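The whole structure should be built from the sequences, with the hints applied where relevant.
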Amino acid sequence: MFAYRSGAIDRAELEAITARMIPRGPDAGGTWLSDDQRIGLGSRRLAIIDLSAEGTQPMWDVQRELVIVFNGEIYNHAELRASLTRGGAQFHSRTDTEVLLGLYRRDGARMTELLRGMFAFAIFDTRMRRMFVARDPYGIKPLYLADDGATIRIASEVKALTAGGRVSNAIDPAGAAGFFLTGSVPEPFTIRRHVRAIEPGTSFFIDEERGINEQRRYFSIAEVFRDAKDDALVDPAVFVRERLEESVTHHLVADVPVGVFLSAGIDSSAIARIAARKTLLHTFTLSFTEFSEAPLAERFARELGMSQITRVVGRDEFLGDLPRIFERMDQPTIDGVNTWFISKAAHEAGIKLALSGLGGDELLGGYPSFRNVPRMVRFPRLARVVGALRRHPKARLIREYGGTYAGAYLLQRGLFLPDELPDILGADVAREGMERLQPLENFERAIEPDPGTPFGRVAALESSLYMRNQLLRDADWASMAHSVEVRTPLVDVYLLRQLAPMLAQQGDKSALAADLPDYLRDRKKTGFFVPMKEWGNLPPDGTSTRMRSWARRVWESFA
Amino acid sequence: MNVLFLVTDAYGGYGGIALFNRELCAALRDARITVIPRIVRGSVPDPPPHVTFIAEAANGPAAYLRAISNARRAKWDLIICGHINLLPVATFWRPLLVVHGIEAWKKRKIPIAQCRGIVSVSALTRDRMCGWSRYAGPAYVLPNAVHLEQYGIREQRADLIARYRLEGKRVLLTVGRLDSAERSKGFDEVIDVLRDLPEDVVYMIAGGGDDASRLQARARELGVASRVIFTGLFGEEDKADLYNLADVYVMPSRGEGFGFVFLEAMACGVPAIASKLDGGREALLNGKLGALVDPTNRAEIRAAILETLERRALAPSSRRIPEGLEHFSFENFAARAQAIIARAAV
Numbered sequence: 081m082f083a084y085r086s087g088a089i090d091r092a093e094l095e096a097i098t099a100r101m102i103p104r105g106p107d108a109g110g111t112w113l114s115d116d117q118r119i120g121l122g123s124r125r126l127a128i129i130d131l132s133a134e135g136t137q138p139m140w141d142v143q144r145e146l147v148i149v150f151n152g153e154i155y156n157h158a159e160l161r162a163s164l165t166r167g168g169a170q171f172h173s174r175t176d177t178e179v180l181l182g183l184y185r186r187d188g189a190r191m192t193e194l195l196r197g198m199f200a201f202a203i204f205d206t207r208m209r210r211m212f213v214a215r216d217p218y219g220i221k222p223l224y225l226a227d228d229g230a231t232i233r234i235a236s237e238v239k240a241l242t243a244g245g246r247v248s249n250a251i252d253p254a255g256a257a258g259f260f261l262t263g264s265v266p267e268p269f270t271i272r273r274h275v276r277a278i279e280p281g282t283s284f285f286i287d288e289e290r291g292i293n294e295q296r297r298y299f300s301i302a303e304v305f306r307d308a309k310d311d312a313l314v315d316p317a318v319f320v321r322e323r324l325e326e327s328v329t330h331h332l333v334a335d336v337p338v339g340v341f342l343s344a345g346i347d348s349s350a351i352a353r354i355a356a357r358k359t360l361l362h363t364f365t366l367s368f369t370e371f372s373e374a375p376l377a378e379r380f381a382r383e384l385g386m387s388q389i390t391r392v393v394g395r396d397e398f399l400g401d402l403p404r405i406f407e408r409m410d411q412p413t414i415d416g417v418n419t420w421f422i423s424k425a426a427h428e429a430g431i432k433l434a435l436s437g438l439g440g441d442e443l444l445g446g447y448p449s450f451r452n453v454p455r456m457v458r459f460p461r462l463a464r465v466v467g468a469l470r471r472h473p474k475a476r477l478i479r480e481y482g483g484t485y486a487g488a489y490l491l492q493r494g495l496f497l498p499d500e501l502p503d504i505l506g507a508d509v510a511r512e513g514m515e516r517l518q519p520l521e522n523f524e525r526a527i528e529p530d531p532g533t534p535f536g537r538v539a540a541l542e543s544s545l546y547m548r549n550q551l552l553r554d555a556d557w558a559s560m561a562h563s564v565e566v567r568t569p570l571v572d573v574y575l576l577r578q579l580a581p582m583l584a585q586q587g588d589k590s591a592l593a594a595d596l597p598d599y600l601r602d603r604k605k606t607g608f609f610v611p612m613k614e615w616g617n618l619p620p621d622g623t624s625t626r627m628r629s630w631a632r633r634v635w636e637s638f639a
Numbered sequence: 002m003n004v005l006f007l008v009t010d011a012y013g014g015y016g017g018i019a020l021f022n023r024e025l026c027a028a029l030r031d032a033r034i035t036v037i038p039r040i041v042r043g044s045v046p047d048p049p050p051h052v053t054f055i056a057e058a059a060n061g062p063a064a065y066l067r068a069i070s071n072a073r074r075a076k077w078d079l080i081i082c083g084h085i086n087l088l089p090v091a092t093f094w095r096p097l098l099v100v101h102g103i104e105a106w107k108k109r110k111i112p113i114a115q116c117r118g119i120v121s122v123s124a125l126t127r128d129r130m131c132g133w134s135r136y137a138g139p140a141y142v143l144p145n146a147v148h149l150e151q152y153g154i155r156e157q158r159a160d161l162i163a164r165y166r167l168e169g170k171r172v173l174l175t176v177g178r179l180d181s182a183e184r185s186k187g188f189d190e191v192i193d194v195l196r197d198l199p200e201d202v203v204y205m206i207a208g209g210g211d212d213a214s215r216l217q218a219r220a221r222e223l224g225v226a227s228r229v230i231f232t233g234l235f236g237e238e239d240k241a242d243l244y245n246l247a248d249v250y251v252m253p254s255r256g257e258g259f260g261f262v263f264l265e266a267m268a269c270g271v272p273a274i275a276s277k278l279d280g281g282r283e284a285l286l287n288g289k290l291g292a293l294v295d296p297t298n299r300a301e302i303r304a305a306i307l308e309t310l311e312r313r314a315l316a317p318s319s320r321r322i323p324e325g326l327e328h329f330s331f332e333n334f335a336a337r338a339q340a341i342i343a344r345a346a347v
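Chains as they are written, first to last, in my numbering: chain V, 81 to 639; chain S, 2 to 347.
Read the hints as simulated data drawn from the structure, not as lab findings. Note that the structure is a prediction, hence the values are computed from the model and not measured. It cannot be assumed that every hint is accurate.
Simulated coverage check for chain S against chain V, where a stretch passes if three residues somewhere in it have a Cβ under 8 Å from a Cβ of chain V [what the hints assert, rightly or not]: (1) 100–114; (2) 296–303.
Quick list of in silico lysine-lysine cross-link-like pairs, DSBU-like style, CA-CA up to 30 Å [said to hold, decoys possible]: (3) K589/V <-> K309/V; (4) K110/S <-> K170/S; (5) K110/S <-> K589/V; (6) K358/V <-> K107/S; (7) K240/S <-> K170/S; (8) K589/V <-> K474/V; (9) K358/V <-> K604/V; (10) K289/S <-> K358/V; (11) K107/S <-> K589/V; (12) K474/V <-> K604/V; (13) K309/V <-> K110/S; (14) K108/S <-> K604/V; (15) K76/S <-> K110/S; (16) K358/V <-> K108/S; (17) K108/S <-> K589/V; (18) K604/V <-> K589/V; (19) K289/S <-> K170/S; (20) K589/V <-> K358/V; (21) K289/S <-> K107/S; (22) K309/V <-> K107/S; (23) K108/S <-> K309/V.
Note that beta-carbon positions come from the ideal geometry of N, C-alpha and C, so glycine has one too.
Written out as C-alpha cells, the structure is:
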C-alpha cells in the first residue's frame, strides 16, 4: 500500500488484507509501516526455500535500504546469487527473496529480464522513496491493483483488496461479461470495478510525485514468436525433451519434498518421468466415483518407483466443500475444482510443493484450436456451412467473427455467445460490459505484434488468454487455498524462447510422449474434469452444456 | 595394434575436425595407424612416424574406393570412423565412430547400431545423438585438447591495436566462421546487446565467411556500426595475438559441438562467456572456468559481459589462465584417448 498523494495507511486495513491471505502462507507473516505511515507492506509466507526465520517477509537487505514483499519462486536464484556475490553483494539468508533485493540494487528495473520463475513483488526503495512493482512474464502469479487517486493498493487476490474494507465491491460489468463469454474473467479486468490486474511481463514504479510511472513491458509472448528464427539444429523431439528436462530440473529447486499432480495424460506423465530420476517424488491422482484415470496413473507411478496417492472424491465431499470453494475462489471461474481436490490431497499428505503439466497444450499445440482457428480464418464460409450442417449453435456467428484470429478464437473458446448475455446479466449490464470489455480488441492484444505464423498466433492467444485467465488463475487460488504451491515447468519463458524457433511452424506433442509407455502414449486426449453435472444437481439448460449451468451457479456466489 | 582411421581430413586440412583427427593420431603413439582421408587441401606436412597417411585416397572417388578396398584386404585390430558421413563405407568393420557436433544432432538414415562404440567430443553431442538414434552401445566422451604452450598471456601487439583502432577500448571477441546458412555463432546476439553496453566497449569478430555484410547492416541499423570490427580471415600465426587483444571472449552460440575456441581464449588468459545450449558449456566445465548464458536471453548475455568487464576493471592485472584448464591439456587428452581405444579394441 502506498498513500502517494496524502494521508496515511490504515494499519487495520493492511492487516485485514494480509489476513485474508493466511491460507496462502500459513508458515509466517508480517507487516511493515514506514515511519510516516505513507507506505505499508504485508506478507504471508509459505516456506519452500530457506525455511529459517531469515526468510520472513517483509524482508530487508543487509544495508536496510530496500524492503520487499514477494510471492513466487525464482528458479535460477542460485546462479543469480553467485553472480551478485562475485560483484561483492552480501546476503543474510539463502532465500530467492533476498536475491531479488540484490538484483534490484544492481540492475534496477532491468532485473526482471534475468528472472526465471513465477513472481509478483513490490520493493520499496527507502533511498529514493519509491516502490518498484513487477509481475512475471506469463502471469503465473496473480497481482491486482486498486488506485483511488490517493492510495494505491496492490495484492495477490482481488478478495484481499476488498477485504480491507476501503475498496468497493461493485461488480465490473466487463468482468461479468467476460466471465460468461469465456468461463473466466479476462485480464486486465476483474470482477470488481475498482480493481484491475497488473499486466504480466510489465513493471512500474510508484512515487509520491507521479503515482504510477516508468511503466515498462519487458516480455511479450507474441514477440518471442515474431523474433524466432526458423531453424532446427537439433532433432526436434530430442531438443524438446532435452529442454524440458532442463526446465523440470530448475523447477525442482526446493528445501521441501516435491509432489507431482499426475493424470494419465502426456504432459504430467512426461514431467513425472523426468523428475522421478532426480528426486523422490510423491504423485497425486484424483479418482471420482463416476470416472477415473487412476489405474493407469497408478501403474505408471509404480513403474517409476514413485510414492503414489490416489485420492477418491465423491459427491458428498464435493457438496460439503462447495461453500469453502466459493469462499476461496478469488474470481468467478468455471474450472479449478479439480485442482482444489488434488491440492487438498497433497496437503493431507504433508506436501506443499507440486509440479503440474499445465501449459503443455499451449506450448506444443495440443488443442483443437491450433487446427480449427486458422481454418476458420482462412475459410470462414466453409466453417459456417459445416457448422450449420452439424447444427452447431455457434455457426450463426461465424459470419461476424470467423474472419479474424481474435474472432475465431472467441468462437472456439466461447462459453456463452455475446447475444446470450442480456438474458443472463440483464440488458444494461450486458451492454455496458461488452462496451467496456471489447472482447475482440482484448484478444487482439495477445497477438500484437503479429507472431507471424498460424501456430504462433494460436499459441499466443491460448497462452495469453485461456491459460492465463483460466488455467493459471485456477491453479493458483485452488492450490494456495490448501497452502500448496504449484509449479509449471511447461510455462517457462526460457523454455518458450528456446523452443520457439522450431515451434513457429508447427507444434508436436509426440516429443513428450516418446519416452512414455504405450498405455499412456496411445490414449485419446481426455479432459481433466470433475463430474459436475452428476454432483451439482444442475438443471438442464436447453442446448447448453453442463459448464454453462455451472457458470450460473458460480455467478450466484459473486453477484 | 593396427588401427585404420577413416577421416574427412587431417594432415593438410583446416578446421576443428582435421585438428581433432591429428591430435587423436598423435595421442595413440603406441599404435600403428593408417589414415585414409577424403580431402587434402593444403600441402601435407610429414605425419608422425607411427602414422601412415594415404594422401592419394583424396584424389577423387575412384582413388578413395581403391584405398578402401585395399584396406579391406588387410587385418586391423580397430577401425575408427572419423565422421558420421563416412559410416556407410565403414559399417562393414563395425567401427568406433567419432561424432563432433551438429552433424550428429539430427536424425539421419545411417547404420549407427552397427558401431562398436561412439566417441563424442561432448556429452551433449553424445546425448543428442543417442536421443534420435536410440543407440545404446558404449559411448565415450573425449573433449578437444589445447596445447597450452602455444598460447599464453602476451604483450598486446601495437600494430594490431592500431589496425583495429582498439586504443582505450574494451574489447569483446568472437572467433568463428561467418556462415550465412548456419548463423549459430551468436554474432547477432552480441551485436544486439552492444547498444546496451558502455560506449567504450567494442566487438571484434574474427573470421572469414559470407555473412559479414548482413552483420554489418544489422550493426548499422542498431547504430553500433563503428563499434563492430571485422578482422576477416586471419593467419594461424596471428591467432594467439588476436586473442590477447580481448577483454572478454563471448560466444552465445547454439551450434558448437564442443567449442575449442573457448580453450584457446582461456589459454591466453581471456575470460570466456559460453552458451548453455551447446557444447560451449562443457568447454567451460559447466561454468567452473567461465560464465554461461542462455543465448536466447539478451539480458543474460549483457549481464554476463558487464560482470566480466567489471571484475577485470577491479583488478586490471588479474588476467590469468583459469585454474582447471589443464583438464583439457594434451596429456590428459592422450590418456583419455588411449583408455578409450584400449576398451574399444577388446
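So, going through the hints one by one against the coordinates:
Against chain V, the stretch 100–114 of chain S contributes 4 residues with a C-beta closer than 8 Å to a partner C-beta. That satisfies the three-residue criterion, and the hint holds. Chain V is given as covering the stretch 296–303 of chain S, and this holds because 5 residues of the stretch bring a CB closer than 8 Å to a CB of that chain, at least three being needed. This hinted pair checks out: K589/V and K309/V have alpha carbons roughly 21 Å apart, not beyond 30 Å. This hinted pair does not check out: K110/S and K170/S have alpha carbons roughly 50 Å apart, beyond 30 Å.
Under the criterion of a C-alpha separation no larger than 30 Å, the hint pairing K110/S with K589/V is consistent with the structure, at around 23 Å. Proposed proximity of K358/V and K107/S is supported: the alpha carbons are some 27 Å apart, at most 30 Å. The hinted pair formed by K240/S and K170/S meets the criterion: a straight-line CA distance of about 20 Å does not exceed 30 Å. Of the supplied pair hints, the one linking K589/V and K474/V holds, its CA atoms being roughly 29 Å apart against a limit of 30 Å.
Our distance criterion of 30 Å between C-alpha atoms is met by K358/V and K604/V, whose separation comes to about 29 Å. For the proposed pair K289/S and K358/V, the alpha carbon gap of about 22 Å is at most 30 Å, so the pair holds. A threshold of 30 Å between alpha carbons decides the hint, and for K107/S with K589/V the separation of about 18 Å falls inside it, so the pair holds. Under the criterion of a C-alpha separation no larger than 30 Å, the hint pairing K474/V with K604/V is consistent with the structure, at around 25 Å.
With a C-alpha separation of about 26 Å, the suggested pair K309/V and K110/S falls inside the 30 Å cut-off, and the hint holds. Restraint check: the Cα-Cα separation between K108/S and K604/V comes to about 27 Å, which is no more than 30 Å; the hinted pair holds. A threshold of 30 Å between alpha carbons decides the hint, and for K76/S with K110/S the separation of about 28 Å falls inside it, so the pair holds. For the proposed pair K358/V and K108/S, the alpha carbon gap of about 28 Å is at most 30 Å, so the pair holds.
At most 30 Å may separate the alpha-carbon atoms for a hinted pair to count; K108/S and K589/V meet this at roughly 18 Å. Between K604/V and K589/V, the direct Cα distance comes to roughly 13 Å. Compliance with the 30 Å bound is thereby established for this hinted pair. Annotation: proposed proximity of K289/S to K170/S holds, straight-line Cα distance about 27 Å (limit 30 Å). A distance of roughly 23 Å separates the Cα atoms of K589/V and K358/V; the hinted pair therefore holds under the 30 Å criterion.
Between K289/S and K107/S the CA atoms are separated by roughly 29 Å; this keeps the pair inside 30 Å, and the hint holds. Simply put, K309/V and K107/S have alpha-carbon atoms about 18 Å apart, close enough for the 30 Å limit, and the pair holds. Of the supplied pair hints, the one linking K108/S and K309/V holds, its CA atoms being roughly 20 Å apart against a limit of 30 Å.
Violated hints amount to a single one, hint 4; each of the other numbered hints is respected by the structure.
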